[in-house]
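Enquirer: The primary structure of each chain is shown beneath.
2 protein chains.
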Amino acid sequence: MVHYKLYYFDVRGWAEISRQLFALSKTPYEDIQITHEDWPNHKQEMPFEKMPVLSVDGVMIPQSFAIARYLARQFGYAGKSPLEEAMVDALGDQVKDYFNEAYPYFIASHQQKPAEELEKLKNEVFLPARDLLFRYLENFLKKSKSGYLVDSGLTWIDLFVVDHLGTLCGFEPSTLDGHELVRVIFHNIKKEKYHGVNCVNV
Amino acid sequence: MVHYKLYYFDVRGWAEISRQLFALSKTPYEDIQITHEDWPNHKQEMPFEKMPVLSVDGVMIPQSFAIARYLARQFGYAGKSPLEEAMVDALGDQVKDYFNEAYPYFIASHQQKPAEELEKLKNEVFLPARDLLFRYLENFLKKSKSGYLVDSGLTWIDLFVVDHLGTLCGFEPSTLDGHELVRVIFHNIKKEKYHGVNCVNV
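The listed protein sequences derive, respectively, from chains A and B. Just so you know, we're using our numbering here: the first sequence kicks off at 22 and counts up by one. Just so you know, we're using our numbering here: the second sequence kicks off at 22 and counts up by one.
One thing to keep in mind: the hints can contain errors.
Said to hold, decoys possible - Just the calculated beta-carbon pair ranges, DEER-fashion:
1) A:59 to B:57: 43 to 53 Å
2) B:166 to A:202: 45 to 55 Å
3) B:205 to A:56: 36 to 46 Å
4) B:140 to A:59: 33 to 43 Å
5) B:80 to A:153: 17 to 27 Å
6) A:163 to B:26: 22 to 32 Å
7) B:52 to A:143: 35 to 45 Å
Claimed, not checked - Here chain A is said to cover these stretches of chain B; the calculated rule only asks that three of the stretch's residues, wherever they fall, bring their Cβ under 8 Å from a Cβ of chain A:
8) 42–48
9) 89–95
10) 102–116
Treat the hints as calculated values from the structure; they're not laboratory data. None of the values given here were measured: they were computed from a predicted structure. Cβ coordinates follow ideal geometry from the N, Cα and C atoms, glycine included.
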């Protein structure tokens, strides 16, 4: 049997999609959570000096989306045809583009910058990026027959979107107002009945 | 027979890996090059209002790396096992991270900003990002048995790295000095004997 170890910090962050995939597929794995204090002792063990990293019988795979795609393909959550897998990948890269665009706002929030600076970044950087992402997600959801982003059902990109938007809802409960199609993904994932997906308040 | 159409501008850019994959695999496709003047007439036809987009019998796949991965898997250039595919994907996402880090320098160069500003961005942003990427690529190349980034041979990420570094060499011929392992990828790709990969001066 394959021995999986998932290395990350003791937060959800970029490892959470993969933890959800292990939970959904009921696959045993070691969830190795490294503290920030201990991280300098482990950094050189990681191929790109970053986490998450997935060890598959000792082979170290870096990069969160590469890990998620690999696990999703093993467990049946990557899309059910090559074309659908490509569409899930495209959604993944688009979400990454959104994340990179919105990043100056996320980092400023994390660093507790002055309110005026945050408000400016929120209005000029974050909200336009988020609204564009919602528009694209909703276009996919309108066409989908499954209540998830692609026709055949739940994939790793639904898990990422729900985890991230769940975090945003924690800060700003109105995040999903007017976005009922997106909210449907949350409701459908809740029905999957597995451990703690991040949509308690949605 | 599948009917492929690749939509992009009339430049290499983010479509070039996919064009190379069509050339390597000798697969017929329509290379639809849209001018910047005509782009506003086509923007709404694209799922994320950006190009490249690949049409597969009318199904529109956006995002350059999603397209490249899809074609590479169809044509045998994605890695030869699920673990190797994951490693190629991880390299792809790492190269994207490098690209995002170095982007302020690329855009300032493109906008012909003053020399002093460019020099500062080059030294503080671009060179550290590039040197880190070289270090990671060289770690993979040291372990690889094939002269490409993964053991089983040429994949789409080699094509992307060579195309991008080939462009950099056009601006700065010393780019690969001291990076002989990386230069080997260029020499190996030249031996594949297909149309115009971007490494004429390497």
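Enquirer: Now, for every hint given, state plainly whether the structure supports it.
Expert: Status of the hints after comparison with the structure:
1. A:59 to B:57: 43 to 53 Å: Given a distance of about 51 Å, which is inside 43 to 53 Å, the answer is holds.
2. B:166 to A:202: 45 to 55 Å: The hint (45 to 55 Å, Cβ to Cβ) holds, given that residue 166 (chain B) and residue 202 (chain A) are roughly 49 Å apart.
3. B:205 to A:56: 36 to 46 Å: With Cβ atoms ~40 Å apart, the hint holds.
4. B:140 to A:59: 33 to 43 Å: With a Cβ separation near 39 Å, residue 140 (chain B) and residue 59 (chain A) satisfy 33 to 43 Å, so the hint holds.
5. B:80 to A:153: 17 to 27 Å: holds (22 Å)
6. A:163 to B:26: 22 to 32 Å: The hint (22 to 32 Å, Cβ to Cβ) holds, given that residue 163 (chain A) and residue 26 (chain B) are roughly 24 Å apart.
7. B:52 to A:143: 35 to 45 Å: Given a distance of about 42 Å, which is inside 35 to 45 Å, the answer is holds.
8. 42–48: violated (count 0)
9. 89–95: holds (count 4)
10. 102–116: It holds: at least three residues are needed, and the stretch 102–116 of chain B offers 10 whose Cβ sits within less than 8 Å of chain A.
Hint 8 from the list above is the single one not met by this structure.
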